[in-house]
Amino acid sequence: MKKFKHLTVRTVEEATSVLAEHGKSARVIAGGTDLLGELKDSILRDDDYPEVLVNIKEIPGLEHITAQDGGLRVGALTRLEDVATHPLVREKYPALAEAAKRTASPHIREMGTVAGNLCQNNRCWYYWVPDNLFDCLRKGGRACYAVTGDARYHSIFGAARVETTACSRACPNHIDIAPYLADIRRGELTTAARTLLRSNPLPAITGRVCPHWCEQECARGEFDQAVAVRAVERFLGDHVLDRAAEFYLAPAAESGKRVAVVGSGPAGLSAAYYLRQAGHAVMVFERMPEVGGMLAYGIPPYRLPREILKRQVEAIAGTGVEFTTGVEVDAEKFGALERDFDAVFVAGGASKQTDVGVSGEECLLSGTEFLHQVYERPESMAGKVVGVIGGGNTAIDVARTLLRLGAKPIIYYRRTKDEMPALDEEIAKAEEEGVVFQFLTQPVAAGVAGAGGAAGPIELTCCRMELGEPDESGRPRPVRVEGSEFSVSCDVVIKAIVERPDYSFLPPEFVDQRGRLRIDPETGRLADKVFAGGDFVTGPATVAEAIAAGKQAAAAIDGHLRGGRAEESREAAPVCVLGESFSAACMLPFERVEVPELPVEERVGALDREEVGTLDTSSVTREAERCFNCGCVAVNSSDLAPVLVALGGRIKTTEREIGAEEFFTVGVNTSTVLRPGELVLGVEIPEPAPSTKSSFLKFALRKSIDFPIVNVAAAITCEDGAVSSARICLNSVFGVPLRVAGAEQYLVGKVIDEPTAEAAADASMEGTVPLLNNRYKIQIARTLVKRAILACAP
Amino acid sequence: MPHIGDKQPVSQPVSEPVPRPVSLGTVTLTVNGEVHELIVEPQWTLQYVLHDKLGLIGTKEFCGEGACGACTVILEGRPVLSCLMLAIECDGKNIETIEGIARANHPLIEAYIKHSCMQCGFCTPGFVVTAKALLDRNPDPSIEEIKEAMVGNLCRCGTYPAHIRAIEEAAAILRGVLVAQGGEGRD
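In order, the protein sequences belong to chains A and B. For the record, in the first sequence the residue sitting at position 528 is 528 according to the numbering used here, with numbers rising by one throughout. In short: position in the second sequence from 1, add 794, done, that's the numbering used here.
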């Protein structure tokens with residue numbers, strides 16, 4: 001064990017004040033058998049390891065078993081052995097005595113306390129294994145090993161969401177992916193689409209062009225293949241565009257505020273959508289003749305058809321956003337916007353050309369310039385040899401566009417394929433289609449060859465490179481090989497390298513001496529009412545990042561316009577959701593859907609022929625079935641908990657009195673509703689009706705120490721031989737103790753006998769979602785419920 | 795055996811009436827009747843202090859997480875796991891270890907030898923201490939009660955049936971219904 005500070009307190013007040021003083025760095029120790037095990041086995045991450053242990057064992061008055069008002073009071077520090085052997089408990093509350101007696105081993109019962117048993121952490125074999133170095137979901141990792149592995153100490157009633165899933169965490173826009181896939185599984189496409197639109201207003205676009213980090217991080221990828229999230233997103237995106245009037249609605253109420261958005265790329269469109277949804281009047285100003293920024297002029301139409309972009313923009317316009325194109329925002333215009341609007345969002349993108357460091361730079365065409373030209377006048381370039389300088393997505397887009405115009409593109413990149421910043425998928429497609437790559441090659445000079453004047457072929461001088469030590473980007477630095485110069489002749493050379501934002505129209509005080517924006521990185525705020533985001537702030541990035549920036553800016557601007565702090569309008573962090581379901585089929589190897597794709601010959605035949613198709617509804621539903629709906633399947637393993645729930649017990653704390661059922665209804669990382677610093681003082685169980693019988697049963701691997709595979713408590717009252725009320729609580733089958741309402745309702749009015757107990761037990765198993773390897777727990781639970789009922793027969 | 799309900803409130807100040815911060819690390823332990831005053835680090839377990847600081851090496855740490863019972867000692871009459879208990883929290887407490895039980899010539903010792911309750915012997919002190927705590931409370935345990943009390947002690951060599959015979963025999967000697975044979979002090 002690592003060192004910690006140890007404090008022994010003598011009163012409850014002292015305990016709460018010490019806990020308040022030390023906050024999260026303090027842990028309470030009483031019986032200590034669980035806590036010391038945790039500390040010894042390095043289960044806790046370093047940042048969770050307590051600095052202070054507060055020993056409450058010496059507080060007098062918390063260790064007692066007393067009869068009161070016909071009921072029972074048990075102090076928090078009472079040892080389990082004393083509960084198990086106390087005559088009053090054994091006589092009037094046999095289920096409680098039995099549960100205490102069946103907890104852990106005799107020695108641990110002599111040490112462990114009632115409150116410790118109630119407040120124990122949820123169990124998972126994987127989480128608790130000594131020196132556990134793998135990262136499960138609960139420890140902040142990305143996978144749950146129980147879903148497909150050994151799962152005896154795990155849920156058979158679904159999972160609990162632990163913060164965010166790996167896919168959402170990987171997405172720059174943190175799209176809540178698992179919930180909309182769950183909607184699809186339930187056949188609720190409309191709900192799924194609305195869930196998606198809440199975090200992404202342009203799904204038809206990202207469903208086509210997003211690099212889908214979500215799929216790279218998908219936990220299913222370790223099992224077989226990642227869920228095809230992008231294809232599903234695209235399907236939903238097309239679904240909402242086909243029903244734009246139903247999904248893109250004007251806000252219910254107008255705020256009376258006006259916001260100007262400069263730039264209509266993905267950041268501008270995203271901000272405009274969310275600002276409009278918040279009730280503000282939004283005007284978008286675009287320099288180019290078409291709305292869309294890089295979506296229109298940067299991304300080639302074979303990846304994003306113009307028709308889709310047009311309909312997406314129309315959908316947003318349908319909510320009341322106004323677009324004005326052909327407006328160059330210069331310093332004067334910017335001043336006017338600042339004056340006339342309540343807020344301005346600048347999302348001007350990054351399309352200012354930079355030099356590639358080649359002598360004869362003027363002979364080169366810029367990549368975005370080229371794509372603009374193609375957008376306006378797609379002319380054939382049949383047979384032309386075109387050199388493309390760069391290794392990013394623009395280089396690939398330019399090269400693949402050139403192929404479709406009939407040219408022969410050659411990409412010159414100074415490092416190797418492994419270091420290319422372009423997406424692997426895009427590189428693979430370019431290779432398939434016949435783009436030639438010259439790796440470890442750096443163009444150094446360009447000049448017009450011969451007497452053809454400016455229109456003549458360009459002689460491009462290159463030299464070979466080799467990889468050296470890593471540079472500040474972590475990639476190996478390309479080093480020139482002396483004497484390796486060679487020349488090639490190209491009809492056109494295009495430089496597809498990093499472009500920069502243009503800040504020339506901003507007031508000088510917005511930019512520092514080194515030409516960087518003076519911006520608050522948290523809120524994107526430039527000045528009182530001016531905000532900025534997207535490529536304009538970050539330099540060239542992706543559509544998903546731009547949408548995220550637009551959303552974040554919209555929240556900050558909305559907060560500003562409402563006079564509150566920007567933080568207030570941010571979305572609340574997702575809380576633990578219990579009972580997340582997944583499809584039983586997802587736990588078996590399950591082939592990823594084939595996304596329809598054109599063969600190479602067809603796809604290079606035309607510039608606007610979209611290479612990838614949209615899935616049909618049945619394929620999408622099938623793919624949604626593959627989602628693990630990643631959640632934690634650890635269970636509450638307390639033996640006393642189900643008894644308290646069945647007997648209608650209450651838990652008294654330093655702050656309040658809580659019904660047992662409510663006390664446990666939390667989830668995973670915490671197992672009770674206790675607030676920081678709140679301590680359990682004891683439990684109270686009301687006097688049972690004279691005809692009430694209670695029982696407790698536990699199934700474990702062995703008598704000593706083992707946690708329950710399943711345990712159950714029942715309290716059944718009979719009148720005139722028939723059941724008048726029944727409370728039955730299973731535990732170790734779910735994240736919280738689970739009352740089986742189906743069985744309870746079924747029993748009322750019936751005489752307890754074998755067939756009745758059998759039928760009630762069947763009813764109690766409704767809604768089970770076993771994991772791949774714990775279906776047998778259903779049979780155990782069912783049998784325990786049946787026997788617990790029979791044990792309560794009058 | 796006293797029940798909690800009989801002596802409420804149970805927790806009474808153990809040594810001194812005046813509250814004092816215990817985090818100083820000075821503790822007084824009464825081990826097998828001998829008083830030891832020690833300075834302990836907060837993270838030291840009772841097993842570590844007994845074994846490494848007081849040289850009472852009969853108290854073994856094996857699993858270290860409450861699964862094997864090898865570290866069992868009797869603390870204020872209760873058989874507990876000394877590897878899952880902080881020494882700093884045992885200030886003013888009475889502790890009995892296997893050494894004390896042996897010195898007192900408890901009939902369990904001879905019975906364990908007679909019935910060959912050990913093979914490698916590593917787990918034996920834990921068994922004997924647990925059995926002693928049982929007999930202190932229940933002089934005439936049934937086989938079922940013996941099994942119930944001993945279930946937290948594990949033996950890799952598989953000597954379990956012998957323990958039941960030894961404990962039954964020691965109980966009979968203690969009750970005076972059987973005469974001990976060859977019982978010499980083992981100091």
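Keep in mind that the hints were calculated from the coordinates and are not lab data. Note that beta-carbon positions come from the ideal geometry of N, C-alpha and C, so glycine has one too. Among the hints, erroneous ones may be present.
Where chain B lies over chain A, by a calculated footprint (3+ residues, C-beta under 8 angstroms) [said to hold, decoys possible]:
| no. | region |
| --- | --- |
| 1 | 2-8 |
| 2 | 104-114 |
DSS-like cross-link-like pairs, simulated, lysine-lysine; straight-line CA separation at most 25 angstroms [to be verified]:
| no. | chain 1 | residue 1 | chain 2 | residue 2 |
| --- | --- | --- | --- | --- |
| 3 | A | Lys92 | A | Lys139 |
| 4 | A | Lys3 | B | Lys941 |
| 5 | A | Lys3 | B | Lys847 |
| 6 | B | Lys941 | A | Lys101 |
| 7 | A | Lys408 | A | Lys429 |
| 8 | A | Lys703 | A | Lys40 |
| 9 | B | Lys887 | A | Lys5 |
| 10 | A | Lys333 | A | Lys529 |
| 11 | A | Lys5 | A | Lys24 |
| 12 | A | Lys40 | B | Lys887 |
| 13 | B | Lys847 | A | Lys2 |
| 14 | A | Lys40 | A | Lys139 |
| 15 | A | Lys384 | A | Lys333 |
| 16 | A | Lys693 | A | Lys92 |
| 17 | A | Lys101 | A | Lys693 |
| 18 | A | Lys652 | A | Lys24 |
| 19 | A | Lys101 | A | Lys57 |
| 20 | A | Lys5 | A | Lys57 |
| 21 | B | Lys941 | A | Lys703 |
| 22 | B | Lys941 | A | Lys5 |
| 23 | B | Lys847 | A | Lys40 |
| 24 | A | Lys257 | A | Lys529 |
| 25 | A | Lys384 | A | Lys408 |
| 26 | A | Lys429 | A | Lys417 |
| 27 | A | Lys257 | A | Lys333 |
| 28 | A | Lys750 | A | Lys693 |
| 29 | A | Lys57 | B | Lys887 |
| 30 | A | Lys2 | A | Lys24 |
Simulated coverage check for chain A against chain B, where a stretch passes if three residues somewhere in it have a Cβ under 8 angstroms from a Cβ of chain B [as the list claims (entries may be wrong)]:
| no. | region |
| --- | --- |
| 31 | 26-34 |
| 32 | 49-61 |
Do the hints match the structure? See the list:
1. Using a Cβ-Cβ cut-off of 8 angstroms, 7 residues of the region 2-8 of chain A lie near chain B, which meets the minimum of three, so the contact claim holds.
2. Using a Cβ-Cβ cut-off of 8 angstroms, 7 residues of the region 104-114 of chain A lie near chain B, which meets the minimum of three, so the contact claim holds.
3. Between A/Lys92 and A/Lys139 the alpha-carbon distance is near 42 angstroms, which puts this suggested pair outside the 25 angstroms criterion.
4. Taking the CA atoms of A/Lys3 and B/Lys941, the gap is near 38 angstroms; set against the 25 angstroms cutoff, the hint is violated.
5. Proposed proximity of A/Lys3 and B/Lys847 is supported: the alpha carbons are some 18 angstroms apart, at most 25 angstroms.
6. Of the pairs offered as hints, the one joining B/Lys941 and A/Lys101 holds, with about 14 angstroms between alpha carbons and a cut-off of 25 angstroms not exceeded.
7. A C-alpha spacing of about 15 angstroms is found between A/Lys408 and A/Lys429, which places the hinted pair at or below 25 angstroms, so the restraint holds.
8. For the proposed pair A/Lys703 and A/Lys40, the alpha carbon gap of about 24 angstroms is at most 25 angstroms, so the pair holds.
9. Simply put, B/Lys887 and A/Lys5 have alpha-carbon atoms about 21 angstroms apart, close enough for the 25 angstroms limit, and the pair holds.
10. At most 25 angstroms may separate the alpha-carbon atoms for a hinted pair to count; A/Lys333 and A/Lys529 meet this at roughly 16 angstroms.
11. A C-alpha spacing of about 14 angstroms is found between A/Lys5 and A/Lys24, which places the hinted pair at or below 25 angstroms, so the restraint holds.
12. A distance of roughly 24 angstroms separates the Cα atoms of A/Lys40 and B/Lys887; the hinted pair therefore holds under the 25 angstroms criterion.
13. Between B/Lys847 and A/Lys2 the CA atoms are separated by roughly 19 angstroms; this keeps the pair inside 25 angstroms, and the hint holds.
14. Distance check on the hinted pair: A/Lys40 and A/Lys139 sit about 17 angstroms apart at the alpha-carbon level, within 25 angstroms; holds.
15. For the proposed pair A/Lys384 and A/Lys333, the alpha carbon gap of about 42 angstroms is over 25 angstroms, so the pair is violated.
16. Restraint check for A/Lys693 and A/Lys92: the C-alpha separation of about 9 angstroms stays at or below 25 angstroms, so the hint holds.
17. Annotation: proposed proximity of A/Lys101 to A/Lys693 holds, straight-line Cα distance about 18 angstroms (limit 25 angstroms).
18. For the given pair, A/Lys652 sits about 22 angstroms from A/Lys24 by alpha-carbon distance, which is consistent with the 25 angstroms threshold.
19. As the CA atoms of A/Lys101 and A/Lys57 are separated by approximately 21 angstroms, the hinted pair is consistent with the 25 angstroms bound.
20. Note on A/Lys5 and A/Lys57: the hinted pairing holds, with a Cα-Cα distance of about 16 angstroms set against a maximum of 25 angstroms.
21. Straight-line distance between C-alpha atoms of B/Lys941 and A/Lys703 comes to about 10 angstroms, which keeps the hinted pair within the 25 angstroms bound.
22. Annotation: proposed proximity of B/Lys941 to A/Lys5 is violated, straight-line Cα distance about 39 angstroms (limit 25 angstroms).
23. For the given pair, B/Lys847 sits about 20 angstroms from A/Lys40 by alpha-carbon distance, which is consistent with the 25 angstroms threshold.
24. A threshold of 25 angstroms between alpha carbons decides the hint, and for A/Lys257 with A/Lys529 the separation of about 12 angstroms falls inside it, so the pair holds.
25. Restraint check for A/Lys384 and A/Lys408: the C-alpha separation of about 6 angstroms stays at or below 25 angstroms, so the hint holds.
26. Distance check on the hinted pair: A/Lys429 and A/Lys417 sit about 13 angstroms apart at the alpha-carbon level, within 25 angstroms; holds.
27. For a cut-off of 25 angstroms, the pair hint linking A/Lys257 to A/Lys333 stands: about 20 angstroms separates their Cα positions.
28. A hinted pair counts as satisfied when its Cα atoms are at most 25 angstroms apart, and A/Lys750 with A/Lys693 qualifies at roughly 15 angstroms.
29. Restraint check: the Cα-Cα separation between A/Lys57 and B/Lys887 comes to about 13 angstroms, which is no more than 25 angstroms; the hinted pair holds.
30. For the hint linking A/Lys2 to A/Lys24, the alpha-carbon distance of about 17 angstroms falls within 25 angstroms, and the restraint holds.
31. Here the region 26-34 of chain A counts 3 residues with a CB under 8 angstroms from a CB of chain B, which clears the bar of 3, and the coverage holds.
32. Closer than 8 angstroms: that is the beta-carbon criterion, and the region 49-61 of chain A has 7 residues meeting it against chain B, so the requirement of 3 holds.
Checked against the numbered hints above, the structure breaks hints 3, 4, 15 and 22 and satisfies the rest.
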